[in-house]
Amino acid sequence: MSAVIYLDNNATTQVDPEVVAAILPYLTQYYGNPSSMHSFGGQVGKALKQARNQVASLLGAEESEIIFTSCGTEGNNTAIRAAIAAQPDRKHLITTQVEHACVLNLFKQLEKQGYTVTYLSVNRKGQLDLMELEAAITGSTALVSTMYANNETGTVFPVEQAGAIAKEYGATFHVDAVQVAGKLPLNMKTSTIDLMTISGHKLHAPKGVGALFVRRGFRFRPLLVGGHQERGRRAGTENVAGIVGLGKAAELAQLHLADVATEKKLRDRLEKGLLAISDTELNGDRKNRLPNTTNIGFKYIEGEAILLSLDQYGICASSGSACTSGSLEPSHVLRAMGLPYTILHGSIRFSLSRNTTESDIDLVLEVMPGIVERLRALSPFNND
Amino acid sequence: MSAVIYLDNNATTQVDPEVVAAILPYLTQYYGNPSSMHSFGGQVGKALKQARNQVASLLGAEESEIIFTSCGTEGNNTAIRAAIAAQPDRKHLITTQVEHACVLNLFKQLEKQGYTVTYLSVNRKGQLDLMELEAAITGSTALVSTMYANNETGTVFPVEQAGAIAKEYGATFHVDAVQVAGKLPLNMKTSTIDLMTISGHKLHAPKGVGALFVRRGFRFRPLLVGGHQERGRRAGTENVAGIVGLGKAAELAQLHLADVATEKKLRDRLEKGLLAISDTELNGDRKNRLPNTTNIGFKYIEGEAILLSLDQYGICASSGSACTSGSLEPSHVLRAMGLPYTILHGSIRFSLSRNTTESDIDLVLEVMPGIVERLRALSPFNND
Amino acid sequence: MWDYTEKVLDLFYNPKNQGAIEDPSEAGVAVVFGEVGSIACGDALRLHLKIEVEADRILDARFQTFGCTSAIASSSALTEIIKGITLDEALNVSNRDIANYLGGLPEEKMHCSVMGQEALEAAIYKYRGIEVEHHEEDDGALICSCFGVSENRIRRVVI
Ligand SMILES: Cc1ncc(COP(=O)(O)O)c(C=O)c1O
Ligand SMILES: Cc1ncc(COP(=O)(O)O)c(C=O)c1O
Ligand code: FES
Ligand code: FES
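Chains as they are written, first to last, in the working numbering: chain A, 16 to 399; chain B, 16 to 399; chain C, 561 to 719.
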């Protein structure tokens with residue numbers, strides 16, 4: 016594979032070279048176990064401490080509020096189970112229809128175990144309706160769990176307002192901020208959020224490391240039990256290299272938050288150019304949206320065919336989330352938005368990063384009309 | 016820190032330079048998400064497949080029987096929970112008193128949730144008594160979970176015989192082989208083991224990656240739910256770099272199994288030299304033992320003081336497991352063996368690897384007598 | 561790995577005032593020792609004092625410790641602190657003073673300094689012929705089994 020035009024950054028990102036550089040010593044000379052009783056291990060413990068500090072700083076949290084995990088999925092699974100354990104008498108849970116599989120599938124499992132789950136709907140633009148949350152929540156709601164921004168459309172939810180409602184009823188408030196960390200500023204100090212998940216590989220750290228914010232004072236219960244790592248809140252020898260990488264990535268993300276406007280401009284140019292193709296539509300909320308994401312429906316053609324056509328040019332994009340792409344179902348997010356079938360199957364997400372260049376966008380805009388035309392010519396639904 | 020004499024390989028190992036080399040491309044150019052629908056992600060999927068193959072080969076298992084995890088702790092937690100879920104009507108569990116914290120603490124938690132747990136004892140040499148297992152097991156035993164070899168003493172358990180007993184009663188048989196993979200040959204094809212845990216950082220792969228062997232046909236239930244990764248058995252974006260590293264490490268471990276005799280010879284020389292110091296004793300079974308481990312009790316002095324004294328010379332060893340070293344309790348393993356107090360508090364584990372050299376051993380043998388003498392001089396129990 | 565201060569490590573590697581004190585059988589000078597802990601607990605301290613009877617002052621102090629890094633450093637620190645002060649002043653030395661002298665101890669290791677204070681108390685009371693008071697509330701759950709110190713006792717002394 017020669018040049019890659021990587022526009023699939025909501026699936027995963029390139030590890031920043033500075034992150035790789037930060038990691039390397041912990042794959043080579045500093046291989047001690049941070050729990051060990053010798054200074055060779057102790058210096059690794061110090062590296063973990065620094066990483067915890069860096070991540071806390073990105074989230075506007077305290078060091079003691081950060082637990083390192085193995086991914087966003089573990090973070091979400093852990094948070095939801097911890098919230099349930101914290102208020103065992105409450106048997107009602109609230110989430111949304113457009114959550115990531117690692118939230119939705121856990122809630123489905125919990126339904127089988129005697130919990131009642133309300134799945135809040137979204138409108139055609141992918142927006143939540145807080146009135147629906149207010150109508151659903153009761154004194155026996157243990158948890159409100161919602162994403163901060165949707166991975167497929169980039170739509171940003173009004174989490175602080177949702178959190179305020181959760182608080183009113185004494186429910187724990189968990190937020191899946193996997194797509195937000197590094198893209199929008201976060202400040203846990205002034206937030207209603209009790210538990211918040213992030214994942215390293217969405218912000219230029221390696222895959223397989225994440226963090227869970229647990230507000231100080233929250234009665235937390237670990238998912239992985241065993242040793243005393245993470246102050247007893249997540250057992251298991253730490254993914255030291257990954258954690259050091261996440262720390263560095265958090266530090267860099269904080270710096271780059273300032274120039275997210277550039278990324279947004281590129282995204283807007285891409286979006287405008289693609290919407291100029293006939294029979295296309297923007298999926299999601301144009302206003303409350305991540306700066307790097309655009310999701311566009313190309314009517315009458317099929318997503319996988321589009322992706323493979325783009326692949327020929329080295330262009331990486333996606334339909335649905337990477338995690339559900341093993342299934343053949345059209346995106347549950349777009350379905351929840353009530354999109355018509357003509358769009359549902361031909362929607363493509365382009366997600367940019369700080370590495371995206373003007374010429375990346377040029378290439379997509381250059382080849383996409385031809386791809387769409389070719390596939391439409393093949394299609395029986397071609398509406399001409 | 017200048018030269019390190021690293022004799023704490025049961026806590027963690029140095030990542031093999033060949034493993035680092037195998038990992039690097041997956042931290043740099045190949046950053047795609049293996050679940051993505053483009054060939055850039057697809058090539059990462061191929062790397063995972065190769066790693067799965069390499070690990071399967073080390074364990075004598077099939078590729079489809081390998082699930083990648085984030086560590087040994089996750090593997091053990093997952094296996095035990097899966098075994099319980101597989102036979103929900105059986106409420107009795109069997110394990111041993113000398114398991115790793117990530118097994119023991121989970122069983123303690125399960126006791127609170129209505130399970131009855133039998134903790135098999137060990138004798139003065141750290142050996143299991145299979146008669147005790149036979150006496151304890153019944154038709155309502157869901158699971159027998161035991162380590163393959165103890166991390167502190169290196170004592171190897173007769174797992175195949177234990178597995179045969181478990182089978183007789185229809186109980187699932189789980190083995191924590193974290194300390195064995197790469198040190199003794201394994202062959203799941205001819206084994207009684209249903210579920211087996213390994214952890215990468217004990218065999219020269221990075222920290223934060225492991226694998227769980229799940230015998231084909233076993234009704235497995237995932238701990239982490241979400242996306243379809245690991246064929247639905249462990250959700251979460253894969254720690255690609257770690258997994259590629261584990262694969263390479265497994266391949267190298269298989270090669271190195273052949274020269275484990277050299278390691279053993281070094282261990283024996285170290286052991287003999289240390290036991291020549293007065294008032295010392297070998298903890299554990301001299302015969303059924305890992306080739307790289309020795310655990311020696313130095314009477315009348317305290318373990319941490321010994322470790323910090325060794326640290327001055329750059330020598331890394333441990334007392335108890337790294338995981339419990341955050342606690343102040345003397346090792347639960349040595350306590351279960353019924354060692355007298357004079358030994359309990361002053362026992363040190365030295366664990367070698369294929370990187371250990373003659374001169375490493377020379378240095379330890381050179382400085383240890385002085386350290387023991389100095390600390391004994393400080394002690395009121397100095398037995399002269 | 562515990563986060564020990566330079567001072568802790570220094571007093572561990574180069575302890576001051578280790579050993580026992582021989583009774584010199586000098587007029588006006590008394591030698592006494594106080595002891596806490598046991599080998600079963602995993603930590604024990606024998607604190608030897610040489611006392612100038614007239615002035616009620618500590619002329620010299622030495623220790624013998626079986627225990628961890630912080631136990632040894634704490635013992636050594638204690639002997640440094642109390643040399644030259646009166647017994648009444650010494651009775652006011654708290655485990656906090658010992659920890660402060662060391663530039664701090666990890667929270668989980670604070671109790672290691674308690675042993676010093678107790679041995680000091682034991683030695684002085686023994687010298688003065690006072691029964692050591694028994695703190696009833698100290699019979700709580702053992703949390704530092706290497707030390708024989710109960711949670712209640714730690715709460716009482718540390719907090
Ligand atoms: C026997 C044993 N089991 C499990 C573990 C836990 O593995 P990990 O450190 O990868 O969580 C360890 C090592 O720490 C171990 O020695
Ligand atoms: C919104 C959201 N939540 C959770 C996850 C899961 O994170 P991870 O891939 O680290 O398990 C993802 C990405 O895959 C995501 O986009
Ligand atoms: S026809 Fe191929 S996925 Fe439906
Ligand atoms: S005295 Fe230091 S740990 Fe018990």
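None of these hints come from the bench; they were simulated from the model. Hints are supplied without guarantee of correctness; some may be wrong.
To be verified - With a Cα cut of at most 30 Å, we get these calculated BS3-like pairs of lysine-lysine: (1) B:Lys127 with A:Lys106; (2) A:Lys123 with B:Lys204; (3) B:Lys123 with A:Lys106; (4) B:Lys204 with B:Lys127; (5) A:Lys127 with B:Lys106; (6) A:Lys106 with B:Lys106; (7) B:Lys127 with A:Lys127; (8) A:Lys61 with C:Lys567; (9) C:Lys567 with A:Lys64; (10) B:Lys127 with A:Lys123.
As the list claims (entries may be wrong) - To give an idea of the chain A side of the interface with chain C (calculated C-beta under 8 Å), a few residues: (11) Asn68; (12) Ala71; (13) Asn138; (14) Gln142; (15) Met146.
Cβ coordinates follow ideal geometry from the N, Cα and C atoms, glycine included.
With a cut-off of 8 Å, does the beta carbon of A:Ala71 approach a beta carbon of chain C closely enough for the hint to hold? violated (18 Å)
Given the hinted pair B:Lys127 and A:Lys106, is their alpha-carbon gap at most 30 Å? holds (20 Å)
Is A:Lys106 within 30 Å of B:Lys106, Cα to Cα? holds (25 Å)
Holds or violated: C:Lys567 and A:Lys64, Cα atoms, limit 30 Å. With Cα atoms ~22 Å apart, C:Lys567 and A:Lys64 stay inside 30 Å; holds.
Hinted pair, alpha-carbon criterion (30 Å max): B:Lys127, A:Lys123. Please report holds or violated. holds (25 Å)
Measure nothing beyond the straight line between the CA atoms of B:Lys204 and B:Lys127; if it is 30 Å or shorter, mark the hint as holding. Violated: B:Lys204 and B:Lys127 sit about 36 Å apart, past 30 Å.
Distance restraint between B:Lys127 and A:Lys127, which requires alpha-carbon spacing of 30 Å or less: holds (22 Å)
Taking only the CA atoms, is the gap from A:Lys123 to B:Lys204 under or equal to 30 Å? Between A:Lys123 and B:Lys204 the Cα gap is close to 36 Å, so the pair fails against 30 Å, i.e. violated.
Quick one, is the A:Asn68 hint okay against chain C at 8 Å, beta carbons? violated (15 Å)
Has the given pair, A:Lys127 with B:Lys106, been kept, meaning a C-alpha gap of at most 30 Å? holds (20 Å)
Given hint A:Asn138 near chain C, where the shortest CB pair must fall under 8 Å: At about 51 Å, which exceeds the 8 Å cut-off, the nearest Cβ of chain C leaves the hint on A:Asn138 violated.
30 Å limit on alpha-carbon distance, applied to hinted pair B:Lys123 and A:Lys106: holds (25 Å)
Checked against the numbered hints above, the structure breaks hints 2, 4, 11, 12, 13, 14 and 15 and satisfies the rest.
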